Amino acid sequence: MSPIRHIVAALTALSIALPVAPLVQPVVLAATALPVAVLLTPGMAEAGRMDRARFHRGGRHHGRPRHHGRPAIHTRPAHRPGYGYRPRRVDVHHHYNDRRRGGRFAAGVAVGAAATLAAGAIVSSLPPRCSGVSYDGVFYQRCGGTWYAPRYDGPEVVYVVVPDPR
Amino acid sequence: MTLSRLAAGWLLVAVAFAAPATATAQDEPADAPAVDPAALKAASAMGERLRALDAFSIEATLSTEEVLASGETLLHLERLSADVSPPGGMRMELRSPGRERVFLYDGARAVLWGPITRYYTAVPFSGTLTALVQETAATYGYDVPLSDLFLWGTDAGDLARVAQAHYVGADYLGDRVCDHYAFRQEGVDWQLWIDTAEAGLPCAYRITDLSDPAQPSFAATLTIGTGAVFDDRRFTFAAPDDAVAIPFHAEARRETEE
Numbered sequence: 001m002s003p004i005r006h007i008v009a010a011l012t013a014l015s016i017a018l019p020v021a022p023l024v025q026p027v028v029l030a031a032t033a034l035p036v037a038v039l040l041t042p043g044m045a046e047a048g049r050m051d052r053a054r055f056h057r058g059g060r061h062h063g064r065p066r067h068h069g070r071p072a073i074h075t076r077p078a079h080r081p082g083y084g085y086r087p088r089r090v091d092v093h094h095h096y097n098d099r100r101r102g103g104r105f106a107a108g109v110a111v112g113a114a115a116t117l118a119a120g121a122i123v124s125s126l127p128p129r130c131s132g133v134s135y136d137g138v139f140y141q142r143c144g145g146t147w148y149a150p151r152y153d154g155p156e157v158v159y160v161v162v163p164d165p166r
Numbered sequence: 001m002t003l004s005r006l007a008a009g010w011l012l013v014a015v016a017f018a019a020p021a022t023a024t025a026q027d028e029p030a031d032a033p034a035v036d037p038a039a040l041k042a043a044s045a046m047g048e049r050l051r052a053l054d055a056f057s058i059e060a061t062l063s064t065e066e067v068l069a070s071g072e073t074l075l076h077l078e079r080l081s082a083d084v085s086p087p088g089g090m091r092m093e094l095r096s097p098g099r100e101r102v103f104l105y106d107g108a109r110a111v112l113w114g115p116i117t118r119y120y121t122a123v124p125f126s127g128t129l130t131a132l133v134q135e136t137a138a139t140y141g142y143d144v145p146l147s148d149l150f151l152w153g154t155d156a157g158d159l160a161r162v163a164q165a166h167y168v169g170a171d172y173l174g175d176r177v178c179d180h181y182a183f184r185q186e187g188v189d190w191q192l193w194i195d196t197a198e199a200g201l202p203c204a205y206r207i208t209d210l211s212d213p214a215q216p217s218f219a220a221t222l223t224i225g226t227g228a229v230f231d232d233r234r235f236t237f238a239a240p241d242d243a244v245a246i247p248f249h250a251e252a253r254r255e256t257e258e
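Note that the protein sequences, when read in sequence, are chains A and B.
The end of the first sequence is residue 166 by the working numbering, with every number in the run present.
The end of the second sequence is residue 258 by the working numbering, with every number in the run present.
Don't take every hint at face value.
[To be verified] Label-pair distances were calculated between CB atoms; the ranges are:
#1 A:S134 / B:G127: 31 to 37 angstroms
#2 A:D164 / B:S96: 33 to 39 angstroms
#3 A:D164 / B:G127: 36 to 42 angstroms
#4 B:T61 / A:S131: 34 to 40 angstroms
#5 A:D164 / B:G200: 20 to 26 angstroms
#6 B:D155 / A:S134: 31 to 37 angstroms
#7 B:P37 / A:P165: 37 to 43 angstroms
#8 A:P128 / B:L75: 25 to 31 angstroms
#9 B:D171 / A:A119: 49 to 55 angstroms
#10 A:D164 / B:D231: 42 to 48 angstroms
#11 A:S131 / B:D231: 20 to 26 angstroms
#12 B:R176 / A:P128: 45 to 51 angstroms
#13 A:G144 / B:R234: 27 to 33 angstroms
Keep in mind that the hints were calculated from the coordinates and are not lab data.
It should be emphasised that the depicted structure is a prediction, and the values quoted were computed from it without experimental measurement.
Positions of the beta carbon are idealized from the N, C-alpha and C atoms, including for glycine.
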């Protein structure tokens, strides 16, 4: 299948699946090609657009609200109307607790997705029974056969699925 | 008799309602300026006063609305303690019982540290606090808490985009009397309360995102203490032995793409 057809198929699957079962989003994401997964993962693609918008505006934070026609997964607004700390819209609620490893929303997501997550997919919490490992100075969380690289997405810790670094 | 009295009564009522309406229409012609220059001046002057302080501390309560995909809106409450020493010192501690973040800037390096997660990220930077909050947002996707305070009245936070601005009245915030101003620009409403005391510092502010159907908002109530003296080490991060360095996602992604 060509990359474009792959993306179209993935988006079609998303449009069908998401309204029905929001908690299955990452599973659906996992089945999509890497660029699609990244594009539709909370916060990430938005952050990229935000960066560019700011640069184009000479570093100013003011910006016109933008809508990307993606009602199913609505993440933080891509624009920043001008002020620093903004209200937010997220897909699952679990960011606000460092201690909860997989809250009642996140656990099902992470566990369900773990077996099939493609490299580049991003989750906001880990499945149970992970261990921290460093390779070449980079820290990973290894959960079963899946490797995650923790990163700060703004103030939130997210985990990017990466290929086995060994 | 009764009927005619009733009719007269209704007539009076009708006049009573009509008269003020007419007066209002005359008092406020359609082309009246929506932006009260005094309100804009108050906001920018407050920003200038704040940035002119040598060193200050902030105790704040933050409330952040989070909109879930289902449309349900949650309100998160957090405490923020900040020590600020321009031009190159900032420490912000954001705490709730389950979540902690410390942001530090010592003039050479900006660090985001999670005391519970043990993850930190450090990026080199040198510049003013205004430049810092812009840089972390634009380059690393991280919004420094209360960064608005460092933008109001600067070129970066220019007020030229404000389409409506007016003075609302005075409110109590605790024992303080604070002047309440309201501003509207495309996609966002914001309100600002400025202390009527001589220092004229911000008491509170609230930002509402109009671009989202749920119109989530962020609010902060502030107590600002001036005249503080900080040890420089207050702003420098010394990584504990068990701290783990991770990148900002925005940065890591750029490196992957390059």
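Going through the hints against the structure:
Between S134 of chain A and G127 of chain B the beta carbons are some 32 angstroms apart, a value that agrees with the proposed interval 31 to 37 angstroms. Checked against the hint of 33 to 39 angstroms, the C-beta distance between D164 of chain A and S96 of chain B comes to roughly 36 angstroms, which is consistent with it. Distance hint check: the CB atoms of D164 of chain A and G127 of chain B are about 40 angstroms apart, consistent with the given range 36 to 42 angstroms. A C-beta distance of roughly 38 angstroms is found between T61 of chain B and S131 of chain A, which places it inside the suggested range of 34 to 40 angstroms.
Between D164 of chain A and G200 of chain B, the C-beta spacing of about 59 angstroms breaks the proposed range 20 to 26 angstroms. Range check, D155 of chain B to S134 of chain A: Cβ separation about 43 angstroms, and the 31 to 37 angstroms hint is violated. About 59 angstroms separates the C-beta atoms of P37 of chain B and P165 of chain A, a value inconsistent with the hinted range of 37 to 43 angstroms. One distance hint, 25 to 31 angstroms for the beta-carbon pair P128 of chain A and L75 of chain B, holds here, with the actual separation near 29 angstroms.
For D171 of chain B and A119 of chain A, the Cβ-Cβ distance of about 53 angstroms falls inside the hinted range of 49 to 55 angstroms, so the restraint holds. Between D164 of chain A and D231 of chain B the beta carbons are some 45 angstroms apart, a value that agrees with the proposed interval 42 to 48 angstroms. Checked against the hint of 20 to 26 angstroms, the C-beta distance between S131 of chain A and D231 of chain B comes to roughly 38 angstroms, which is inconsistent with it. Between R176 of chain B and P128 of chain A the C-beta distance comes to about 48 angstroms, which sits within the given range of 45 to 51 angstroms.
As the Cβ distance of G144 of chain A to R234 of chain B is approximately 42 angstroms, the hint placing it in 27 to 33 angstroms is violated.
When the structure is compared with the earlier hints, violations turn up for hints 5, 6, 7, 11 and 13 and for no others.
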